[in-house]
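*Asks:* Sequence:
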Amino acid sequence: MYENTTQITTLNLSRQTPTILTDATGGAVIALDGLISIIGTLGNLLVLAVIFVALRFSTVSNILIANLACVDLLTVTVLIPGDIARHLCDRMGLCHADRTLVLLHRVLAQFIVTAASTSLFFIALERFIAIAFPFRYKSLFTKTKATVCSFLTWTSGAIITGIFHGLNIIYVQNTYCILLLLVTFILYFYMFFVALKHEKKIASTPANYNMRPTQLLWESKSAKTMAIVLGVYALCWFPSVIFYSVVRQTYWLYPRLQVWINTVYYLNATLDPLIYSVRSEKFRRSVNKLLTS
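Using this note's numbering, read the sequence shown as starting at 1 and increasing by one per residue.
No lab work stands behind these hints: they were computed from the structure.
Just to be clear, a hint being listed does not mean it is correct.
Unchecked claim - Below, in silico cross-link-like pairs of lysine-lysine (DSS-like), each with a Cα-Cα straight-line distance of 30 Å or less:
| id | residue 1 | residue 2 |
| --- | --- | --- |
| 1 | 289 | 197 |
| 2 | 197 | 224 |
| 3 | 143 | 197 |
| 4 | 282 | 221 |
| 5 | 197 | 145 |
| 6 | 282 | 138 |
| 7 | 197 | 221 |
| 8 | 224 | 145 |
| 9 | 138 | 289 |
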């Protein structure tokens with residue numbers, strides 16, 4: 001997201017001509033972004049509260065989901081308010097935006113996109129190991145390894161962002177994220193193939209419920225839930241990849257399209273908690289227990 005095809009420096013930022021939006025367009029974008037920010041903040045704080053307080057990081061998955069929630073929380077509490085400020089200043093011409101703060105906002109945007117893609121990859125890797133190697137899962141993917149993966153999520157974001165802005169290799173982020181998401185999709189396709197085979201075997205076993213491998217069914221449902229999260233992320237992120245790669249800044253509709261493209265990306269950070277609540281009965285029970293305790 002943001003101008004991936006231009007050299008971003010404090011110098012050329014200061015030379016850009018502010019893009020003025022109409023009050024109606026700017027007001028609509030600010031209202032929608034503000035609503036996304038509020039709902040996303042409450043939703044992701046709730047996810048973190050459930051994992052910290054109710055579940056107490058009981059599983060490896062909890063650690064990785066909490067890590068993704070932290071990335072989403074950074075989006076809705078810092079990135080979106082920063083974009084609202086840009087609407088008011090640069091795009092609506094109501095105030096002056098400091099060029100250094102604008103640059104920091106763009107750096108943060110690159111960092112968050114990279115961290116989110118990496119976080120989703122590690123979640124897919126954990127689900128893949130749980131389904132493909134169920135008997136070795138606990139030894140292959142421990143809580144310590146999940147913590148290391150969380151650390152690598154933020155480290156990769158810093159490294160890729162540093163290469164993008166420091167060395168001006170402008171396609172490094174899109175290339176990294178697209179390749180990572182492709183690998184993630186492949187992992188999920190393989191997981192569903194394996195899960196389908198197991199479900200056919202389960203269907204052929206006697207109807208005694210206690211004899212059926214309910215753990216495998218839970219793992220499969222969990223993988224499907226996180227695949228939905230990945231699909232939503234891709235749907236929200238790919239429009240910005242296409243937009244910033246294809247549409248030139250000189251195109252007269254560029255500023256009006258840009259604000260809505262960014263808003264679509266922000267929407268992803270709000271939808272993840274809703275997906276958990278719809279797909280996971282355990283999450284809903286934990287929320288009820290947390291709110292009533």
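*Asks:* Against the 30 Å threshold, does the CA-CA distance of residue 197 and residue 224 hold or violate the hint?
*Replies:* Roughly 15 Å separates the two Cα atoms, so the pair holds.
*Asks:* Straight-line Cα separation of residue 282 and residue 138 no greater than 30 Å?
*Replies:* 21 Å, holds
*Asks:* Does residue 221 lie within 30 Å of residue 282 when you go C-alpha to C-alpha?
*Replies:* 12 Å, holds
*Asks:* Starting from residue 143, check that the Cα of residue 197 is at most 30 Å away, please.
*Replies:* 28 Å, holds
*Asks:* Need the status of pair residue 197, residue 145: alpha-carbon distance at most 30 Å?
*Replies:* 28 Å, holds
*Asks:* Hey, residue 224 versus residue 145, does the alpha-carbon distance stay inside 30 Å?
*Replies:* Holds, because 22 Å separates the two Cα atoms, which is no more than 30 Å.
*Asks:* When you check the alpha-carbon spacing of residue 289 and residue 197, does it fall within 30 Å?
*Replies:* Violated, at roughly 36 Å.
*Asks:* With the threshold set at 30 Å, check whether the alpha-carbon distance from residue 138 to residue 289 stays at or below it.
*Replies:* 28 Å, holds
*Asks:* Are the Cα atoms of residue 197 and residue 221 separated by 30 Å or less?
*Replies:* 14 Å, holds
When the structure is compared with the earlier hints, a violation turns up for hint 1 alone.
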